[in-house]
Every structure is written in C-alpha cells, then in structure tokens.
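Peer 1: What follows is each chain in one-letter form.
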Amino acid sequence: MPALPDAFVQAITDQFPPDFASVDPQDLQTYGRDWTKVFAPAAAMVVLPRTTEEVSLLMALAYAHDVAIVPSGGRTGLAAGAVARDGEVVLSLQRMRHMEPVDVTGSTVRVQAGVITELVHDHVSEFGLTWPVDFASKGSSQVGGNLATNAGGVKVIRYGLTRQWVLGLQVVLADGRVLELGGALEKNNTGIDLRQLFIGSEGILGIITEATLKLTRKPGHLDVMLFAVPDLAGVLRLFRALRQAPLQTMAYEFFTDICLRRVLLHRKLRVPFATKSSHYVLLEAERAEQLEDWLGQLLEQGLIDDGVIAQGSVQAAELWALREGISESLSATGTPHKNDIALPIAALEAFTAELGAVFAQQYPGWEIAVFGHVGDGNLHINVMKPDEMNMADFLEQTHAADALLFSLVARHHGSVSAEHGIGLLKKRALPYSRTPDELALMRGIKQLLDPKGILNPGKVL
Amino acid sequence: MKILVSAKRVSDPNARLQVAKDGKWIEGDVEYVMNYFCENAIECALQIAESQDGVETVAVGIGDEDTARFIRQGALARGIDRGIYVAAEESEIDSDLIARIYEGVVHRERPDIVLIGKQAVDGDSNQVGQLLAEYLGWPQATFASKVELQGDEAIVTREVDGGLEVIAVSLPCVITADLRLNEPRYASLAGIMKAKKKPLEELEIDDLDLDDADPKVKVVALSTPSGRKAGVLVKDVDELIAKLRGEARVV
Chain Y
1 MPALPDAFVQ AITDQFPPDF ASVDPQDLQT YGRDWTKVFA PAAAMVVLPR
51 TTEEVSLLMA LAYAHDVAIV PSGGRTGLAA GAVARDGEVV LSLQRMRHME
101 PVDVTGSTVR VQAGVITELV HDHVSEFGLT WPVDFASKGS SQVGGNLATN
151 AGGVKVIRYG LTRQWVLGLQ VVLADGRVLE LGGALEKNNT GIDLRQLFIG
201 SEGILGIITE ATLKLTRKPG HLDVMLFAVP DLAGVLRLFR ALRQAPLQTM
251 AYEFFTDICL RRVLLHRKLR VPFATKSSHY VLLEAERAEQ LEDWLGQLLE
301 QGLIDDGVIA QGSVQAAELW ALREGISESL SATGTPHKND IALPIAALEA
351 FTAELGAVFA QQYPGWEIAV FGHVGDGNLH INVMKPDEMN MADFLEQTHA
401 ADALLFSLVA RHHGSVSAEH GIGLLKKRAL PYSRTPDELA LMRGIKQLLD
451 PKGILNPGKV L
Chain L
1 MKILVSAKRV SDPNARLQVA KDGKWIEGDV EYVMNYFCEN AIECALQIAE
51 SQDGVETVAV GIGDEDTARF IRQGALARGI DRGIYVAAEE SEIDSDLIAR
101 IYEGVVHRER PDIVLIGKQA VDGDSNQVGQ LLAEYLGWPQ ATFASKVELQ
151 GDEAIVTREV DGGLEVIAVS LPCVITADLR LNEPRYASLA GIMKAKKKPL
201 EELEIDDLDL DDADPKVKVV ALSTPSGRKA GVLVKDVDEL IAKLRGEARV
251 V
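Quick note, the sequences are listed as chains Y and L, same order.
Here the numbering used here is used: position 425 in the first sequence is 425, and no number is missing along the way.
Here the numbering used here is used: position 190 in the second sequence is 190, and no number is missing along the way.
Chain L extracted, bound-state conformation (with noise of 0.2 Å):
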C-alpha cells in the first residue's frame, strides 16, 4: 500500500504579516510553520504504516524554495519514508492549480490513498482535497476525524454540523485530515538525522505533464485587519449600562 501526504508551508497564524507594496502578497521576515492539518494528516499516514507492514508513505510539498526544507523536518523527520518537492511560485498559483499539480503526481506514484490537510490555515480555501478527486474521479471522504482500513475499504468519521457521520468509500480515495484525528507527534533529534538521508525528489510543474497549467483566481488585494479601537474607562457601572445600551446597544 502506498499512501500520498500533504506537507504545506503556511506563514505562523501567530506570527503579525505585512502586505508586500503592490498588496497583493506577503514580504518580510515571515516565520513559517507546517500548516496544522497537513501535520494530522501525516500523523495518520504514519500511524497506519505503524499498524500494517507494506506501507509507503510519501510526502508531496509545492510551494516555494524552503518548502523542501519542510517536507524534511516536518514529513520525513517524523518518519514519512520519501518526498516530492513541486517547486512553484507561492503567489501565482491557486488551489485549482495545486489540485492538478497532485493530479499529476498521483498519475506518477498511483497511490492508494491521498491524505491531505483540509485547508491550509493562511489562505483558508478549503478546495484542494475536494478538486482532486474530482479530476481522479476517486471517492472522497472530507473533514476526517478518524480513518480505519478494513480490507479495500476505508471507513472515516466525518466531522459535520451538528454531529458526527461514518461512511465507507473504496480505495483509492481521497481524506482531508481534520484538527482532531489525532495528535501530531513532534519531530525526534533522531528522526531529523535520519531525515538527512532520505530521498527527497524536486520537480518542476512541467515534469508532471498537465493539461492545464493556469491559475484561475487572481490576488487582486490583501489588507490587514483594521485596529482595534482604544477601549474608554467609565467612572461607574451606571455609566457603563448606559454605554452598552446606548453605544454598544448589546443590553
């Protein structure tokens, strides 16, 4: 059994961004982080590799330069077995394009399941999981909080509104990985040198041979949020009510 992971970087939701000058990407200093649910995601790919023997587990990363360096600290380290690096340019490709590179790579690797994170925690599309089995024409079963094997068959707990459902679908399938299918385990000392020597492939778009290779969505503008306004000291809970009936209007 092969089973493909997401490994994306994403800019530290706690970390504070700056708009670049013609607004509409980042620039500066930005700390990354492995995005939270490509980690849950990783971790259920290397818990089932745990539990069954004859399981690869390979991580794909598209992005910019240092996504590599990702794909072997926050995959590779954590014992994921190999990597594919699609080097792209961050700001000019959208998830349609993302979903077609996967495409692409899961033509070359014919995996038996695609884990990937539901969406990355910057730009919150939620989109790449659901196009890719679209273009495969595979099963898919979204928004996982846990993944049991059972012959050809995957059986997944799906977070919905209002509860929870399980469904079967028939490998190969795509999962995207919710915050609580598991915990991710962090990355050992050990596993970082032993990362060190495992095969990580870099690819270009056009290895992978796709039909299409535009962007649909364009950035036309990115903006931080606005401040906050400076909060008032009231002398007295009398004038407080009368601030939050009047002002506020919450009481």
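In isolation and in its complexed conformation, chain Y is listed as follows (with noise of 0.2 Å):
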C-alpha cells in the first residue's frame, strides 16, 4: 500500500480547517467500504468537504501529487464501487447537505451531493412534490450516490432510473475544474450531453458536488396487492393483462415461494393465503375505480390462483414486507451469492427455464432465489451455498456459475448488471454485456477525463 506523499499531506493540513481530513483508524475501516462486505478497506486517509470549492481545491492537489481519491457518499452500493483498498483518500460528501427552496413553478429543486435521499422527498413533500428515487437505502443513501450510480429500485416501472430525474450537475474534474451542466433547463439541445456522461460511472470521471432535480407531482392514494400464480409464465401473463388495465402501476414484484420460506425464516410475519404457491406478485398501484372490475376479470380468466388487496397502511406495509424482506433474509439465513441481472421481457421466460436447467445440470441441490422487478426485466437471481458445502469451494464454484449465467444472460441480450452497477464485483461480467469496441471507447473517455487515473482507480474498467 503506497503512503500519501508528505507534500499533499502538509497541504491538507495548511490549506483547509482542521476538521477537514481524519485518519483515525475507525473512521478509515467505516468510511473505506460499502455494503458489499467483500474486499478489506484500507483507505489512507479521509476528507470531508463543506463546499464545492474544497473538492476542487482537493481534487487540484490530489492531481498534482498522483493520489487516488475513491468518491464516498450512504455507501450502500452492493458493487464495491465505493471500496478503498489500497490507500487511497476517500472524498465523503456527507458534510454538503444544503438543499435550496423548492421551485414549485419548475418543479425542480437543487442540492448538494451529500443530501441524503429520503430528506430530499420530506423537503419536497410539502408542495405536492416528489423526486421518485426510491427504494430500501433510501435513508441512508445520498443524491451524489443516486447520480454516480444511475439508481434504480421499486419504482423503475413507473418513474425510470435515476438518470431521467437530473436536469443539471455540477461536478469537480480530475484536476480540479468545476462544471456546471445543464443549470435546470427542460430542453437543452446544444451538443453532447455531458451530464448523462457523469451519471452512472460510478466516480471514475469526476466528483458530483452538485444537482438540480425534477420533481414530479406525489402520487395518490394507494393501494397494495398481493396475488398467487402458479408458475413465471404466470407472471409474465398477469403482466400483460396488467399493462392494458385502466391503473397507474406503482410497482410490480414478484418472487419465489423459495425466497417466501427464507423471509419466513427470518422473520415473523404472515403469509395471506391458506393455500401455498410457486410464484407471487405484489402489484401496488394508484387507487382507481376501476380496480375492483379488474381483479374481477383476472379471477374469471384464471390469471391469479389467489390474490388480497391490503386494508389500509399496516396491511400495506405487511405485504410489501414479504418482498422487501427478502434480501436481509437470504444473508440472515444462509450465504446468498448474488446476481442482479436484467432481460428484456419477451426473454425472462426462455431465459429463466434455460437457467433452471442449466443449474439443475451443473449444481444439482443448489438453491436459487430469485426474485425481481418483472416490469424492467431486472431479475434478482440470489444462488444459496449448499450447508455442507466449505466458502472456497462455494466461491470457486459461483465463479464457474457465473460464467455459465452471465453467457445465457448475453445470449438473451441481457445486462450482467442491472441497478447494482459494476465497481470492483461485476468487472468479470462487463465483457459479456460490453462489445470490445465499446470498452474501448469508454476507456477512451477515462483517459480524456481522468488522464492520470486517480479518480475511483480500478474500479468499472
């Protein structure tokens, strides 16, 4: 691990208030990872910015001394894009939390990178407002997270990602240039739209101090469904029948009874129907006369086996509980390996009936929980290790695994990753989603950006 050279050390501390940087052994080990539990932090050193003009004064001398800065913000990421391993600074953005009055005309609100999500959508609630970036972190994770990453989460099918929710950035390059992209215009048809370049690489092209974001109106009333079907293919027809409905979808989840039995495990809570099934939906959507209609037919057309509409909140949060739960169970109750792949939707089926004979072959007795978002493709395929079964060989057999998936997820023209991005977990994969020409090209762009490859070293590509 290479040491910080002394000048860039002296300059910190002569050049910014004494609170600036810390290099207290607990806050290296807290701030020099992310939820991925993977890789050991060993950060040299930490920063905490007030202002833009601190990162840009950081990031001048972190380019004149040769010193990798990994970019930090909830690290909730599951990719390791946020991990410092090898004594680099980590740049946390946690101290810039300003959020500016809301422009209720424009819709839109700006705030700084360390603004964490959750408080963005209470600062705008008052208005009738909402930025729908939503999902499980959300109380822990920040906007410059949500930008850098191009989040996705429950809601996609609505509102998209992340990235269609930014009208302007504001981000410090390599060597210190600010910025500024975009301001808070709608339309802005003037070349290259550079700010769609920063979000989503993960802080390998410059740090996001800075945002202007959409707002939409706050959706109505709620209501919250739980249904039985009995197979994928059941699924995926519910789906269809669920896009020509008279409803404003919210989400749309489904799940394995294999994912249901670990939750259960897990936690207490309580399954709705008397009967058991293979798969199960959650369909959350605006209240709608309508609606009552539409379950109706779906019954009459055998499209559900079994289905309850939550009564109120604590119902709601009952069942969305079943789903949200699912993760946290996996790792409470045995050691999931992970994948967070997407497909296109005419493809899930063909695909997951391909995966289940593949992995029925080559790891007979492994179980695998998957569950997803069905709405944009994004499967959550989740491979348990065997109990018998020691962590070498589980991890050198995943590895064989993925090799397998990753080649039928590209054979379906599929993504390797999703929502999760690909920091230092999914570099493997990048090849099987990513043409030759294309990292060529994105390597290309690092070069122009971050010409001595201090920014997030060794992450994405």
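It is worth saying that the hints were derived from the structure and are not from the lab.
Some hints could be false.
As the list claims (entries may be wrong) - Cross-link-like lysine-lysine pairs, in silico, DSS-like; alpha carbons within 25 Å at most:
#1 K243/L / K138/Y
#2 K268/Y / K146/L
#3 K24/L / K216/L
#4 K276/Y / K194/L
#5 K452/Y / K427/Y
#6 K37/Y / K427/Y
#7 K243/L / K229/L
#8 K37/Y / K452/Y
#9 K187/Y / K214/Y
#10 K385/Y / K427/Y
#11 K218/Y / K21/L
#12 K24/L / K218/L
Please read these numbers as outputs of a predicted model, since none were measured by experiment.
Dock chain to chain to rebuild the complex, using the hints, since each chain is given by itself in its own frame.
Peer 2: Below you can see the structure in the form of structure tokens.
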C-alpha cells in the first residue's frame, strides 16, 4: 500500500480547516467500504469537504501529487464501487447537505450531493411533489451516490432510472476544474449531453457536487395487492394483463416460494394465503374506481389463483415486508451469491427455463432464490451456499456458475448488472454485456477526463 | 344465533391530518382504514360462525357515505353475511348517539351478541359498548382477549390492569374486542367479489325511531400536536451529561 506523499498531507493540513481530514483507524474502516463485505478496506485518509471550492482545491492537490481519490456517498452500494482498498483518500460528501428552496413552478430543487435521499423527499413533500428515486436504502443513500450509480429500485417501472430525474449537475473534474452542466433546463439541445456521461459513471470520471433535481407530483392513495400465481409464465401473463389495465402501476414485484420461505425463517410475518403457491406478485397501483372490476376479470380469466388487497397502511406495509425482507433474510439465514441481471421482458421466460435446466444439471441441489422487478426485466438471482459446502469451494463454484449465467444473459441480449453497477465486484462480468469496441470507447473517455487515473482507480474498467 | 359486529372507518393513524379552517374537524385528502378493534370484532364473529352451524353475522357501520364501502370491503369481503349502513354526518355524532343508533339497530335485528371494537383509534372515546349495554339492559364484557360460547353463556377473558380476568355473561350480551383477541384475516379477492352480491341495507337515523337523536358532545377545537424541537449536536460526553443534568434534568 503506497503511503500518501508528504507534500500532499502537508497541503491538506495547511489549506483546510482542522476537521477536514481524518486518519482515525475507525473512520478509515467505516468510510473505506460499502454494503459489500468482500474486500478489506484500507483507506489512507478520509476527507470531508463542506463546499465545492474545497472539493475543487482537494482535486487540484490530488492531481498535482498523483493521489488516488475514492468518492463516497451513503456507501449502500452492492458492487464495491465505493471501496477504498489500496491506500486511497476517501472523499466523503456527507457534509455537503444543503438544499435550496423548492422551485414549485419549475418543479425542481437544487441540492448538494451529500443530501440523504429521504430528506429530499421530506423537503419537497409539502408542495405535493416528490423526487421519485426510491429504494430500501433511501434513509442512508445520498443524492451524489444515487446519481453516480444511476440507482434503480422498486419504482422504476413507473418512473424510470435516476438519470431521468436530473436536470443539472455540478461536477469537479480530476484536476479540480468545476463544470456546470445543464442548469435547470428541461430543454437543452446543445451538443453532446455531458451531464448524462457522469450519471452512472460510478465516480471514475468526476466528482458530482451539486444537482438540480427534477420533481413530479406525489402519487395519490395507493393500493397494495399480493397475488398467487402458478409459475413464471403466470407472472408474465398477469403483467401483460396489467399493461392493458386502467391502472397507474407503481410497482410490480415478484418472488418465488423459496424466497418467501427464507423470509418466514428470518422474520415473524404471516402469509395472507391459505394455500401455498410457487410464485407471488406484489402490485402497487394508484387507487382507481375500476380496480375491483379488473380484479374480478383476473379471477374469471384464471390469471391468478388467489389474491388479497391491503386494507390500510398497516396491511400494505405487511405485504411489502414480504418482498422487501428478502435480501436481508437470505443473508441472515444463509450465504447468498448475488446476481442482478436484466433481460428483455420477452426473453424472461425462455431465459429462466434455460437457467433452471443448466443449474439443475451442473449444480444439483443448489437452492436458487429468484425475485425481481419484472416490469423492467430485472431479476435478482441469489444462489444459496449448500450448508455442507465450505466457503472456498462455494466461491470457486459460483465463479464457474457465473460464467454460465452470464453467457446465458448475453445470449438473450440481457445485462449482467441491471441496477447495482460494476464497481470492483462485476468487472469480470462487464465483457458479457459490452463489446470490445464499447469498452475501448469507455477507456478513451476515462483517459480524456482522468489522464492520471486518480479517480476511483480499479473500478468499472 | 345472530351476531352484530361494528365496522367503523377511522382516519389512518399513520397519516398526517390537517385541521379544517373552522378548527373543529379534519379536512383534505384523508386516508381512511377500518378501525383496528372493529377488525378484531369482525374476526371474532367469523371464527364463531365458522365453528358452529346456524350463525348469521351482520356488520353495522355508521357515518359518511364512504362507510358503506368499508362495510363491503372490510366486513362482507372477509366473510360477514350482510351489512347495515346508517347514514350520519361524522362531525355531528358523539359516542352516546352512536350507542343509541346501535340500540335502534338491535331492536330491529334482535341479535344474541353485539361485538364492538373497544374503541375507535381516532376518537379514542371507549364508550359505545358500555353505553349500549346500559341502554339495552344487557350484560357487558369489555376488553375481551378471548371469547368462548358455552350454552347460553359467553366465557370472556378480559385484559385488565396487571393480568387477566375470566367472566361469564349470559346472552344476549355486549362484548368489546381488544387487540389481542385474534389476528384479523386479509380480505381475499374471492371474498371481495362475493361481497359485491351480499345485501347491504341503507338506513337514515330517522328510520330507527330513536327517543333521543341529539348529540350531547360538541367539538370545540381540534389541534395538531406541536412540532418537536430540533435536536442539538453536543461536542463531547461531558457536554451531553451537563445538558442532561442542567437543561433536561433527567440524570
């Protein structure tokens, strides 16, 4: 692990307030990792700027002294994109949490990158508005991290990804220059959209310090339903019916009985159905007059075996807990190997059938917990470690299994990382979804914006 | 045997309410849910009906127009046989009038048991079951956490301060349901579809020939809880202890 240059450390001490940097071992541990626990953190320093000027000055110094920087938000990522494992300086934006007053007419708000996602929701809520970037970690994740990873979540079917909800960006480049991209304009066709280049770049092209977020009206009363369906084909048939329904869908999530069993092992929840099913669908939609008639048709047409509607927010939360408790329950009751893939919706059924066949043959007896968002083709495939297998064997075998899985994803024109990003964890997988030409272009862009390779080195490419 | 159960809608306890401009009621886009204790009463009636033959269950809801939807979705969809909706302005009825309305319905229906939620989670009055038993001259078993029928008696376990009390009341009787009585079932889709065809009678207060149909309690003012004071960051443990001692006086 290379030590930080003395001149850089001296400059930090000279040019910033005393609480700007920390080398406290506890801080280095905390700020050096994200929600992935695969890599041991080994940061050399943590810096906590309060302003864009401080970020700019820091980057100019890092550029001059060839110091590697790992940008850091709420560290809730699942691809080790915010992990510092090689003596880097972690640049945490958590002190940059100023929010400007909401522009109600323009439906926008300007915020600093360190603002926690949920606080944006609270800030704009009284005007009947929301920033529709929403997922389980919204209480910890930060706007800068949401943007840098182009975060997804359970509402993507309704609102799309984070990149659709950003009008302007302020970015600090590797050498400290500050770019203002886009401002608050909805329409701005003036050449290449550089703003979108930084969104989803996982901190390898620049540091996002501020953003003008696009807002939308808060949804009305929501109905939450859970359906039992016989198989994945049934999940897709129901989804087709939903596409034609007079409903504004907010979420369409599915999970298998294997997931549900793990949730019930871990948490004291009840299943609202008397009979077991192999597949379940959670539907959230804005309240509509026609809902009951539509549900009646589903029953008549045999599209669902059983179903319930939550009466009130308590039951709605109970139904959501069955879905949102999956990830946590898999980790609490076993050792999952996680994959986050996306496929064209039309290919989902053929893909899962092939996947089942391949795994049954190559890895008999392995428990595979599949759940996902369906509406956007996103499947979370969790391979559970068989109890009797040791960890080293499991890692080796999942490595080989991943190659099979990724080839299958590629053959069906899918993506090897739907919403978690690439970070350190998915680098091997990237060539399955991107061609050599595309990768060469990405490297060219990286070289142009970060010629010294000091921004989040080792990530993505 | 016939069981009458309450089906009251309440403003969602998890929603933030807005006080109306006159300061006497709530306004805006209020989300309503079935009163939790009524859900327990409904579940209890259903379990009795499932455990023996010849039990008819009837849900009674009093309130604004939307109450009829709650009777259908929250009671009939779960399995209650039929409903009675009594139209009333919710801002103009008090616990006493509600008890008298129930009394009127009881005279029409002649049930063996009236199962009522022990209180509404919005108004928190906890009076209707007790008043009704008094007006009917029936025995009452409040705060029930267990109900068993034996012949012409109901054996009811009551949650009282510091423990449980088991009492026997003769039928007909009034029982008020507590939260631990049972775990209310979800309304299934099949149930919701069946509920559409179940009878739901609509009544006005005038239809019940009450001797006294005037409310006795007036709401003078409503207000929202005062906001919490912002927290402060302390520099170290010493400052924290000093503040706990000096300002908060808790240590």
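Peer 1: If a hint holds in the structure, say so; if it doesn't, say that too.
Peer 2: Taking the hints in turn, this is what the structure says about them:
1. K243/L / K138/Y: violated, 32 Å
2. K268/Y / K146/L: Holds, because 22 Å separates the two Cα atoms, which is no more than 25 Å.
3. K24/L / K216/L: holds, 15 Å
4. K276/Y / K194/L: Roughly 22 Å between the alpha carbons, so the hint for K276/Y and K194/L holds.
5. K452/Y / K427/Y: holds, 20 Å
6. K37/Y / K427/Y: holds, 16 Å
7. K243/L / K229/L: Answer holds: K243/L to K229/L is near 15 Å, not above 25 Å.
8. K37/Y / K452/Y: violated, 28 Å
9. K187/Y / K214/Y: holds, 12 Å
10. K385/Y / K427/Y: Since the Cα atoms of K385/Y and K427/Y sit roughly 22 Å apart, the hinted pair holds (cutoff 25 Å).
11. K218/Y / K21/L: holds, 24 Å
12. K24/L / K218/L: Holds, because 9 Å separates the two Cα atoms, which is no more than 25 Å.
The structure fails to meet hints 1, 8 from the earlier list, while all remaining hints are met.
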